[in-house]
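Could you put together the complete structure from these sequences and hints?
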Amino acid sequence: MIALFTDFGLHGPYTGQMKAVLYRMAPGVPVLDLFADAPAGNPKAAAYLLGAYAPWFEAGTVFLCVVDPGVGGERPALIVAADGRWYVGPGNGLFELVQRRAVTARSWEIDFKPEQLSASFHGRDLFAPVAANLARREVPPGRLRNDSDDRRPDWPDDLGEIVYIDHYGNAITGLRAATLPRNARLNAAGRLFERATTFSDCPPGAAFWYENANGLAEIAVNQGRADRTLGLAIGNVVEVVSGS
Amino acid sequence: MIALFTDFGLHGPYTGQMKAVLYRMAPGVPVLDLFADAPAGNPKAAAYLLGAYAPWFEAGTVFLCVVDPGVGGERPALIVAADGRWYVGPGNGLFELVQRRAVTARSWEIDFKPEQLSASFHGRDLFAPVAANLARREVPPGRLRNDSDDRRPDWPDDLGEIVYIDHYGNAITGLRAATLPRNARLNAAGRLFERATTFSDCPPGAAFWYENANGLAEIAVNQGRADRTLGLAIGNVVEVVSGS
Amino acid sequence: MIALFTDFGLHGPYTGQMKAVLYRMAPGVPVLDLFADAPAGNPKAAAYLLGAYAPWFEAGTVFLCVVDPGVGGERPALIVAADGRWYVGPGNGLFELVQRRAVTARSWEIDFKPEQLSASFHGRDLFAPVAANLARREVPPGRLRNDSDDRRPDWPDDLGEIVYIDHYGNAITGLRAATLPRNARLNAAGRLFERATTFSDCPPGAAFWYENANGLAEIAVNQGRADRTLGLAIGNVVEVVSGS
Chain U
1 MIALFTDFGL
11 HGPYTGQMKA
21 VLYRMAPGVP
31 VLDLFADAPA
41 GNPKAAAYLL
51 GAYAPWFEAG
61 TVFLCVVDPG
71 VGGERPALIV
81 AADGRWYVGP
91 GNGLFELVQR
101 RAVTARSWEI
111 DFKPEQLSAS
121 FHGRDLFAPV
131 AANLARREVP
141 PGRLRNDSDD
151 RRPDWPDDLG
161 EIVYIDHYGN
171 AITGLRAATL
181 PRNARLNAAG
191 RLFERATTFS
201 DCPPGAAFWY
211 ENANGLAEIA
221 VNQGRADRTL
231 GLAIGNVVEV
241 VSGS
Chain F
1 MIALFTDFGL
11 HGPYTGQMKA
21 VLYRMAPGVP
31 VLDLFADAPA
41 GNPKAAAYLL
51 GAYAPWFEAG
61 TVFLCVVDPG
71 VGGERPALIV
81 AADGRWYVGP
91 GNGLFELVQR
101 RAVTARSWEI
111 DFKPEQLSAS
121 FHGRDLFAPV
131 AANLARREVP
141 PGRLRNDSDD
151 RRPDWPDDLG
161 EIVYIDHYGN
171 AITGLRAATL
181 PRNARLNAAG
191 RLFERATTFS
201 DCPPGAAFWY
211 ENANGLAEIA
221 VNQGRADRTL
231 GLAIGNVVEV
241 VSGS
Chain E
1 MIALFTDFGL
11 HGPYTGQMKA
21 VLYRMAPGVP
31 VLDLFADAPA
41 GNPKAAAYLL
51 GAYAPWFEAG
61 TVFLCVVDPG
71 VGGERPALIV
81 AADGRWYVGP
91 GNGLFELVQR
101 RAVTARSWEI
111 DFKPEQLSAS
121 FHGRDLFAPV
131 AANLARREVP
141 PGRLRNDSDD
151 RRPDWPDDLG
161 EIVYIDHYGN
171 AITGLRAATL
181 PRNARLNAAG
191 RLFERATTFS
201 DCPPGAAFWY
211 ENANGLAEIA
221 VNQGRADRTL
231 GLAIGNVVEV
241 VSGS
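Chains as they are written, first to last, in the numbering used here: chain U, 1 to 244; chain F, 1 to 244; chain E, 1 to 244.
Incorrect hints may have been included.
[As the list claims (entries may be wrong)] Computed, partial: chain F to chain E, Cβ under 8 Å:
| no. | residue |
| --- | --- |
| 1 | Met1 |
| 2 | Phe35 |
| 3 | Tyr53 |
| 4 | Phe57 |
| 5 | Phe112 |
| 6 | Asp154 |
| 7 | His167 |
| 8 | Thr197 |
| 9 | Ser242 |
Simulated from the structure, these hints should not be mistaken for laboratory data. All residues carry an ideal CB built from backbone N, CA and C; glycine is no exception.
And the structure:
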């Protein structure tokens with residue numbers, strides 16, 4: 001299975017052209033859109049999102065990941081193997097949390113050279129062919145890294161920021177709920193949020209945080225949009241406050 | 001074939017994770033997005049939409065339906081068989097019109113217990129595995145209902161409301177055109193709309209209603225957006241007025 | 001492979017119902033969304049977009065194309081074969097640039113009559129079944145055209161207009177970059193844009209134009225949205241100014 005993780009959107013040509021490469025080079029392999037609206041041009045926020053959502057998938061899954069504001073500039077093109085899953089994309093920190101949290105992780109610098117490499121669409125020309133080959137269980141077309149230039153040791157283990165606004169307006173943070181005290185409160189946009197277990201625990205219109213289905217702390221308003229009601233956006237700082 | 005009917009959106013992780021379950025558990029079965037923007041948190045409006053669009057599909061189709069504002073709260077988890085098609089989702093009225101209009105219908109309460117059931121994402125953890133099994137022609141993992149707690153006998157046969165705004169801004173009502181007098185006019189947002197057969201019958205900018213390709217009465221503006229021009233939104237009342 | 005090129009959007013029922021027809025009639029053939037947001041109701045702008053994006057696909061690809069403001073009115077229903085690729089859709093100019101730029105091109109008027117033809121959804125009822133049959137390598141169900149009523153000889157070879165705004169807010173023109181002088185500048189919305197090779201050539205916030213990954217001249221702002229920053233929209237005139 002190949003899972004796409006990009007900031008490309010679905011309606012225009014970018015996701016479609018990548019899928020054309022995948023369908024042609026890895027026929028019969030299912031392809032799905034995991035995120036097509038990862039934080040645009042923000043590999044750091046995206047890295048915490050990917051780190052939380054990828055482990056739910058079974059071993060062997062190939063993640064084709066493109067959040068790549070530096071396309072055409074200087075950043076390595078990477079393959080990462082972590083706990084049996086494969087990741088392909090730019091070496092701009094996007095895989096930092098996947099690598100850091102894995103029991104076993106290795107990375108390769110891609111040395112596959114496509115016949116035609118556009119300056120602006122490495123997702124289609126470089127990363128998709130590599131992902132297709134990995135999905136066909138071919139060996140990684142690259143050389144193992146001995147350095148750690150692709151790593152970001154200065155980034156925290158959990159990110160106290162909003163990293164994603166979902167379709168319902170819920171604000172997903174880069175904090176794993178399991179790392180937080182049971183009675184922790186979150187402070188964002190000048191408000192304090194208490195923890196709830198499910199939406200149906202709270203009256204309509206109430207704001208709260210809860211552990212979402214992939215383990216991240218998420219701020220929500222029951223039957224409302226947290227982004228508009230509370231003025232939350234990607235990049236907002238989220239502080240953990242001990243419960244009293 | 002499995003058709004998805006949700007209010008999840010396509011760009012974020014919800015539809016993608018459901019498809020991951022389906023691809024893994026029902027390999028080779030085509031999966032398509034019928035509605036990913038069903039009326040959010042509004043199972044009643046969604047029920048009239050589903051009731052109109054489902055019968056177009058061939059027998060054997062499995063509809064995986066999640067419009068579920070009460071996730072985590074009290075509502076049964078259902079399988080419905082109606083006229084040879086399968087439906088899986090929350091028992092909150094979403095299947096009322098499908099059941100009521102079917103020649104033959106049965107329903108089961110799901111008693112499959114997934115190993116991991118998140119509080120907020122039953123679409124992925126509970127309903128998708130059941131839909132995958134039904135698509136593989138396995139027996140429904142539940143017990144037949146003898147009661148009618150999942151039914152909504154007080155809902156009308158046709159709903160005089162806007163139930164959906166489409167990509168062009170057309171306003172789809174919950175009224176089946178075949179139930180309306182030939183010269184019926186519709187009253188919505190303080191305006192009367194006459195019936196037309198096709199868009200090309202009307203001058204650009206004209207507002208009218210017509211029977212859409214799935215049998216529902218739909219209010220449109222030729223080469224314009226009815227939602228913005230006329231101020232129409234989901235939930236607006238639509239009255240039928242006899243033609244003169 | 002079948003590529004969809006429409007103004008239908010992805011969230012609502014139109015794309016899903018077309019895919020249901022394709023999956024049923026051409027099982028096992030991959031289907032992808034190339035554009036679901038082609039310029040709405042604007043076959044002329046759409047024609048330049050299709051003309052630029054289609055040649056990237058391999059021979060044998062079937063393009064199911066619906067930008068059809070005249071649905072239900074008078075316009076032929078077409079099959080076009082051009083340089084080994086197939087195109088199915090309305091004869092409203094949508095295929096003009098594909099035909100004009102092809103080494104070999106033929107067109108047929110579809111004479112397939114579906115059992116049920118809705119007035120407003122020929123994409124599902126007429127064009128999708130034809131596309132499915134072509135993808136199965138059946139003969140075109142139509143008669144070869146001897147006239148050129150479906151052609152638009154008065155349209156230019158390249159269109160000096162914005163024809164698409166992408167997910168990042170970049171403004172794609174109908175001008176092939178290879179037809180422009182190396183140092184050409186573009187004039188749009190009262191501003192002059194210089195050429196750049198890649199995004200990383202320019203400082204954040206700078207506006208420029210470049211040759212995109214499918215050969216069209218595209219106006220962009222590094223790490224910003226050109227549409228909002230510069231006030232660009234589909235239909236805006238773009239003039240070529242010789243470099244000094």
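Here is how each hint holds up against the structure:
no. : hint   : in the structure
1   : Met1   : 6 Å, holds
2   : Phe35  : 6 Å, holds
3   : Tyr53  : 6 Å, holds
4   : Phe57  : 6 Å, holds
5   : Phe112 : 26 Å, violated
6   : Asp154 : 27 Å, violated
7   : His167 : 3 Å, holds
8   : Thr197 : 6 Å, holds
9   : Ser242 : 24 Å, violated
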